[in-house]
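With chain W's structure known, arrange chain P on it following the hints.
Number of protein chains: 2
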Amino acid sequence: MRTDICDLLDIEFPIFAFSHCRDVVAAVSRAGGFGVLGAVGFTPEQLAAELDWIDKEVGDNSYGVDIVIPQNDAGAEEGDPARLHEKLLGQVPPEHFAYAKKILSDHGVPELPPGEFHNGLLVRSTSTTARLHAAEALRHPKVRCVANALGAPPQDLTGQIHEAGRLVIGLCGSVEHAQRHVANGVDIIVAQGAEGGGHTGYIGSLVLWPQVVEAVAPVPVLAAGGIGSGAQVAAALALGAQGVWSGTIWLGTEESELTDQQRDALVVARSQDAIISRSLTGKRSRMLKSGWTEAWEKPEAPVPLPLPLQDLVAGEAVTRLSRYPEYSRDVHITPAGQVAGQIKQVRRASDVLLELAGEYVETTERLNALNERLDAAPGTAAK
Amino acid sequence: MRTDICDLLDIEFPIFAFSHCRDVVAAVSRAGGFGVLGAVGFTPEQLAAELDWIDKEVGDNSYGVDIVIPQNDAGAEEGDPARLHEKLLGQVPPEHFAYAKKILSDHGVPELPPGEFHNGLLVRSTSTTARLHAAEALRHPKVRCVANALGAPPQDLTGQIHEAGRLVIGLCGSVEHAQRHVANGVDIIVAQGAEGGGHTGYIGSLVLWPQVVEAVAPVPVLAAGGIGSGAQVAAALALGAQGVWSGTIWLGTEESELTDQQRDALVVARSQDAIISRSLTGKRSRMLKSGWTEAWEKPEAPVPLPLPLQDLVAGEAVTRLSRYPEYSRDVHITPAGQVAGQIKQVRRASDVLLELAGEYVETTERLNALNERLDAAPGTAAK
Numbered sequence: 097m098r099t100d101i102c103d104l105l106d107i108e109f110p111i112f113a114f115s116h117c118r119d120v121v122a123a124v125s126r127a128g129g130f131g132v133l134g135a136v137g138f139t140p141e142q143l144a145a146e147l148d149w150i151d152k153e154v155g156d157n158s159y160g161v162d163i164v165i166p167q168n169d170a171g172a173e174e175g176d177p178a179r180l181h182e183k184l185l186g187q188v189p190p191e192h193f194a195y196a197k198k199i200l201s202d203h204g205v206p207e208l209p210p211g212e213f214h215n216g217l218l219v220r221s222t223s224t225t226a227r228l229h230a231a232e233a234l235r236h237p238k239v240r241c242v243a244n245a246l247g248a249p250p251q252d253l254t255g256q257i258h259e260a261g262r263l264v265i266g267l268c269g270s271v272e273h274a275q276r277h278v279a280n281g282v283d284i285i286v287a288q289g290a291e292g293g294g295h296t297g298y299i300g301s302l303v304l305w306p307q308v309v310e311a312v313a314p315v316p317v318l319a320a321g322g323i324g325s326g327a328q329v330a331a332a333l334a335l336g337a338q339g340v341w342s343g344t345i346w347l348g349t350e351e352s353e354l355t356d357q358q359r360d361a362l363v364v365a366r367s368q369d370a371i372i373s374r375s376l377t378g379k380r381s382r383m384l385k386s387g388w389t390e391a392w393e394k395p396e397a398p399v400p401l402p403l404p405l406q407d408l409v410a411g412e413a414v415t416r417l418s419r420y421p422e423y424s425r426d427v428h429i430t431p432a433g434q435v436a437g438q439i440k441q442v443r444r445a446s447d448v449l450l451e452l453a454g455e456y457v458e459t460t461e462r463l464n465a466l467n468e469r470l471d472a473a474p475g476t477a478a479k
Numbered sequence: 097m098r099t100d101i102c103d104l105l106d107i108e109f110p111i112f113a114f115s116h117c118r119d120v121v122a123a124v125s126r127a128g129g130f131g132v133l134g135a136v137g138f139t140p141e142q143l144a145a146e147l148d149w150i151d152k153e154v155g156d157n158s159y160g161v162d163i164v165i166p167q168n169d170a171g172a173e174e175g176d177p178a179r180l181h182e183k184l185l186g187q188v189p190p191e192h193f194a195y196a197k198k199i200l201s202d203h204g205v206p207e208l209p210p211g212e213f214h215n216g217l218l219v220r221s222t223s224t225t226a227r228l229h230a231a232e233a234l235r236h237p238k239v240r241c242v243a244n245a246l247g248a249p250p251q252d253l254t255g256q257i258h259e260a261g262r263l264v265i266g267l268c269g270s271v272e273h274a275q276r277h278v279a280n281g282v283d284i285i286v287a288q289g290a291e292g293g294g295h296t297g298y299i300g301s302l303v304l305w306p307q308v309v310e311a312v313a314p315v316p317v318l319a320a321g322g323i324g325s326g327a328q329v330a331a332a333l334a335l336g337a338q339g340v341w342s343g344t345i346w347l348g349t350e351e352s353e354l355t356d357q358q359r360d361a362l363v364v365a366r367s368q369d370a371i372i373s374r375s376l377t378g379k380r381s382r383m384l385k386s387g388w389t390e391a392w393e394k395p396e397a398p399v400p401l402p403l404p405l406q407d408l409v410a411g412e413a414v415t416r417l418s419r420y421p422e423y424s425r426d427v428h429i430t431p432a433g434q435v436a437g438q439i440k441q442v443r444r445a446s447d448v449l450l451e452l453a454g455e456y457v458e459t460t461e462r463l464n465a466l467n468e469r470l471d472a473a474p475g476t477a478a479k
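Read top to bottom, the protein sequences are chains W and P.
Residue 132 in this note's numbering sits at position 36 of the first sequence; the count goes up by one each step and never skips.
Residue 252 in this note's numbering sits at position 156 of the second sequence; the count goes up by one each step and never skips.
In isolation and in its complexed conformation, chain W is listed as follows (with noise of 0.2 Å):
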């Protein structure tokens, strides 16, 4: 599977692996793949931390850092993360906050003790924090790709992270958005199919994925939304990908930051359990079922603020899930895509990797038996 990005990466498989977790990105980089921190939830000092961690961790491999800047980010732009927060708090509704403390107390969640910090707290999906991100990811070498998950970072970024010698990644869901990221300066398009998790599109990635292939050559493309095994990244090369960017399968990993809990829930649930919500940014989002997403789909439920808003409003849950996770297992929050139904068991980062790579071979074998057969048996079907 030695696609033109190996070389231009230096990497030995094309599988990208996007995690929040640092302990999979250095396993995946350091296995001959390439990991991509996820930087949204972060405050600057902890992904500076987390950053050097992996530096140490990952030998003379590379990585990259995944920040959040919506397209349309107006309202957002103010240099002071404490200025800015306090003016998204005052357009959130109260009736929103009460209504994602009351999920939590139904469900018996305990609160966080007097002034401890939760996210809702931090200024998760604007440009000013993902500025930040980006300045913090470009202070270190080995991070050699800067992915926006929601596209083409704006114009002045892009040009700081070419200056640095680095590569900007950019998430799609649409041939439209492809080609509005590379006429941006977009060095890398990830098509991400409906099926992925988080923020996704309306296209299913058998369809995406060969179009925005053709409509952004010879741009690379890597094939997102689906991704859980060899066979289905044989898929995403025969459609043209160069490569595979891949999320849920590595939250089903020992490393990952789930919770015991969200982990049972990912391996017990169905593809059709990874549904839609807006509950957790405000944006379309793919998500397991739970008890907290179900709660935003009642009658009684406000709707979803837009983002960066709903972050805010769902920022102290996801602090106090984690901080507790017994109370977890009902009303977790756990964006993951419709690959989620393949997971059944939780291994390490390194050996879903080679299984990966395993099964990749095994599925080109596969094909070239069948082409074999049709050599050797010409015509006996022919009319």
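Check each hint, because a few of them may be wrong.
No copy labels: a pair is met if it fits in one copy or bridges any two.
Calculated pairs, EDC-like style, for lysine to aspartate or glutamate (alpha carbon to alpha carbon, straight line, at most 20 Å) [as the list claims (entries may be wrong)]: (1) 440 x 310; (2) 440 x 272; (3) 385 x 272; (4) 197 x 426.
These aren't lab readings, by the way, just hints derived from the structure by calculation.
Chain P in isolation, oriented as in the chain W frame:
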């Protein structure tokens, strides 16, 4: 691409073409694939005429007939179609008929001449009609398979089909459906991903196919939803399917039943224009966005009725739009999958089939070249 199902059905390419157009069915079976005629919308007498025609055109090859029986048909089991029609009509609120007529008149679509038959006078998706269709199919010996677009036929009908020496094909949108169908005697499973046209589910093809293959092995699985190129066929076989089931690409052929205006709409459609609507049958159905689908999304629109009642509501529109094609530019009713976004020109059905086969070979050769590249430079990127 020679798989076991090629031997089972004595076909050259495991490419199944679903179409309501007899020309497409005959052309595909003649060219080495397997055509399947969609019977819905035909009276039993019309269907008999279509099958007689195909029998003559298809030479020594075989083909299939697709019928539509809901899994839950309570209240629609009734021997006499005319009595059933009257019974069902009584369940349709007058506002639904009025709204459908208003959509047509808003777009200037002429009324049918008095007394002229239209599709709203026909009970389409019930076991009563489907049994008549199946009986007609079994009277034609070249009909090798009877497919049910909504899964497993009732047990007694499956028994009749088997006794006649034919095979039962059942469509599914989830692993659970597939397992139920196999338990009910279905011989070949079609796993249709969410991107597919017509009645469709929630799970993307890339994720659905391998799970269904694994769940029902050794029962053969055909991959549906997003098949429009040989690379997509290769992806399907890579994921373990024994062949593909395609519908939308055949709409884009010279032979298809679409009006020229619908064909134009198909050629310009992007994948995101193939949306989910309940306006045609009452069930989730993917179709091209048009004045018809948009009208049913308006706040003042009545909520579409469940199958088979919405069929009756939409039936007159289906007929009027095909009778007066010059009005079908904006207000057409065109079930189609997301693969519509790949169709850029109208071609002959036999050319489409041969192109799929040719692209398939190119794709597997391209994958092999990637492997050879790895073999030729072992460990160059290994750390």
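Practice problem: Go through the copies and call it for residue 440 and residue 310: within, between, both or neither, with a Cα cutoff of 20 Å. | Solution: Intra 35 Å, inter 13 Å, cutoff 20 Å: inter-copy only.
Self-check item: Intra/inter-copy verdict for residue 197 and residue 426 if alpha-carbon distance must be at most 20 Å
Solution: Close inside one copy (15 Å), not across copies (48 Å); limit 20 Å.
Quiz item: At most 20 Å between C-alpha atoms: does residue 385 with residue 272 qualify within a copy, between copies, both, or neither?
Solution: between (30 Å within a copy, 18 Å between copies)
Exercise. State whether the alpha carbon distance between residue 440 and residue 272 is at most 20 Å within one copy, between copies, both, or neither.
Key: Intra 36 Å, inter 16 Å, cutoff 20 Å: inter-copy only.
Checked against the numbered hints given earlier, this structure breaks none of them.
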